[in-house]
Structures are given as structure tokens and as C-alpha cells.
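Turn these sequences into a full structure, and let the hints steer you where they fit.
By the numbering used here, the letter at position 272 of the sequence shown is numbered 272, and the numbering carries on one by one without gaps.
Just so you know, the hints here were simulated from the structure itself, not pulled from any lab data. Be careful, since some hints might not be right.
30 Å max Cα-Cα, derived DSSO-like pairs, lysine-lysine [what the hints assert, rightly or not]:
| # | residue 1 | residue 2 |
| --- | --- | --- |
| 1 | K24 | K6 |
| 2 | K24 | K275 |
| 3 | K22 | K3 |
| 4 | K13 | K3 |
| 5 | K6 | K22 |
| 6 | K22 | K264 |
| 7 | K264 | K275 |
| 8 | K275 | K245 |
| 9 | K24 | K9 |
| 10 | K10 | K22 |
Remember, predicted model here, so these are calculated numbers, not experimental data.
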Amino acid sequence: MSKIYKTLKKSLKDIQEETAFKPKVALVLGSGLGDFAEGIRVEASIDYADIEGFPVSTVPGHRGRYVFGYVGDVPVVAMQGRVHYYEGYDVSDVVMPIRLMGMMGAEVLFLTNASGAINTSFSAGDFMLIRDHILLGVPSPLIGTNIDELGTRFPDMSEVYDAGIRETIRGAAEDLQMGFREGVYIQVSGPNFETPAEIRAYGVLGADVVGMSTAVEAVAANHMGLKVCGISCIANMAAGISQNKLAHEEVQETANRRAPDFKKLITESIVRIGKI
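Following this line, the structure appears as C-alpha cells:
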């Protein structure tokens, strides 16, 4: 048994001593969505700091706990705050919360984030359904000895973001009369924002938006056999697309402004995913 898997088992034991709740959907709450968990019919919550070996987020606005409860009738575990590679953690620590939610029994991983737009047809405040991703400058979370208990050594990545769930989210958005974009998300390391030259390069690679999370989480979940989906709130136009200097405060302001609509879309989507 690998060292990583031993740590996961110990952490899972800590969680199971607090709650026997079994989620169907694992939800990662990105910037501006931390209080979404307050609208969940909460059954239990556990602070990350109370879980042995668990990495703790240092980013402002990321509370740092699991919340267990129901969205409609769908059992959900929500992460209020995620861990980023740029905080200095090993990538295996970054994806530890995702792996734990899979080990709790979650079948679907629903990722959310805030991003910068590379595609010039997008605008700040838009939502983008993630169709695919590019991982650049951040190591794969699968590097090292394979954890056979979680998945195969060489997992296929042809369809990381499940086509059926993406169709379900499209239907939810249409019924809510809420337009959104679809495209490719590129994860880079951060914490600095990108240069205009880097943004031009990412656009050539096929990326529509850029951010500092999500892709490694999706890889780890796919490795475990979870169905994955993701929605990005475009918080600003990326460097060189916008003539303004970029700041984290702008990201938070836009994410907070669009949070009510984002919550509606996530809620309706999860209710429909629960029926799949």
C-alpha cells in the first residue's frame, strides 16, 4: 500500500468517525461560491484542519471545510475552499480532497472556478461549460507509484468531462434561460497572473480560458472512475486581452456579482444529475 493511499485511508477514517453520510455528487466551490453551502440542507460539516494529513487552503475567501447535505434530494459533499498548487503543496496533496470524496462514495465530481478569458468573444461575467482542459506547468497528480486501489496506471483521458452530464447542464441552463459558453480550460501554476505573450501562446494551443485550479482535480477524479463536469465563471479578460492590470480583487468582485445566477445553475444541474 502506497504512502499516499495510507494517508487517504487515515483521513477517511477521521471523516467516517464524524459522519456516515454517503454523497452522490462531490462539489468543489470556487471563488465567490463559498456561501453556496449555506443553502444546502446540511447534515454535517468537518473542518479540513480536523482531518489528519489534510492540506489547508491559505487563499482569502476559501473557508476550508467539507459540508455534507442535500441539494434537493441529491446527497452532496461540498468543498468550501480548495487547495492550489501555487500554495506550495505537492500536487498529490492538491488532489487529496478529491480522492477522499471519491472514497466517500461520490460518483460525480462537479468542479467550479473563476477564470480569465482568452477567447475574445467571451466577456467578464460569462459562464463557460468546460468541454476539455489543458494542463500546463503543473505536474500530473498521477506521477509516482500508481495507487492501484484507485485506478489504472495509464487512464484514458479522451472524455474527462462527461458528455451526458454536459448535456444535462445545457438543459438546465436552457430552462433557466441562462446563456453560457463552452470551451477549453487551461490550468497553469500561478500565483502570478499570466503575461500577454503567455496568453497569446495559450490561445494558439486552443485554450478559451485560463485559471490556476481544476484540471489536476479532474485528472485525479477521472483516474478513480468518477464522472466529471465543470463550469467556470469568467471573472476578467486575460492579460493583453484587457488593457487593465489584473488583480485578485477583480476576480472576487466579478465572482461575487455573478454568484446568485451561478448558484441557480449549479442547483438545477445537480438536481438533474441526481436523476441520471
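Quick rundown of the hints versus the structure:
Distance restraint check for K24 and K6: the Cα-Cα separation of roughly 24 Å lies within the 30 Å cut-off, and the hinted pair is therefore satisfied. For the proposed pair K24 and K275, the alpha carbon gap of about 11 Å is at most 30 Å, so the pair holds. Under the criterion of a C-alpha separation no larger than 30 Å, the hint pairing K22 with K3 is consistent with the structure, at around 25 Å. Proposed proximity of K13 and K3 is supported: the alpha carbons are some 15 Å apart, at most 30 Å.
A C-alpha spacing of about 21 Å is found between K6 and K22, which places the hinted pair at or below 30 Å, so the restraint holds. About 24 Å separates the Cα atoms of K22 and K264, which keeps this hinted pair within 30 Å; it holds. Only pairs whose Cα atoms come within 30 Å are accepted, and K264 paired with K275 is accepted, the gap being roughly 17 Å. Note on K275 and K245: the hinted pairing is violated, with a Cα-Cα distance of about 44 Å set against a maximum of 30 Å.
Between K24 and K9 the alpha-carbon distance is near 19 Å, which keeps this suggested pair within the 30 Å criterion. Annotation: proposed proximity of K10 to K22 holds, straight-line Cα distance about 17 Å (limit 30 Å).
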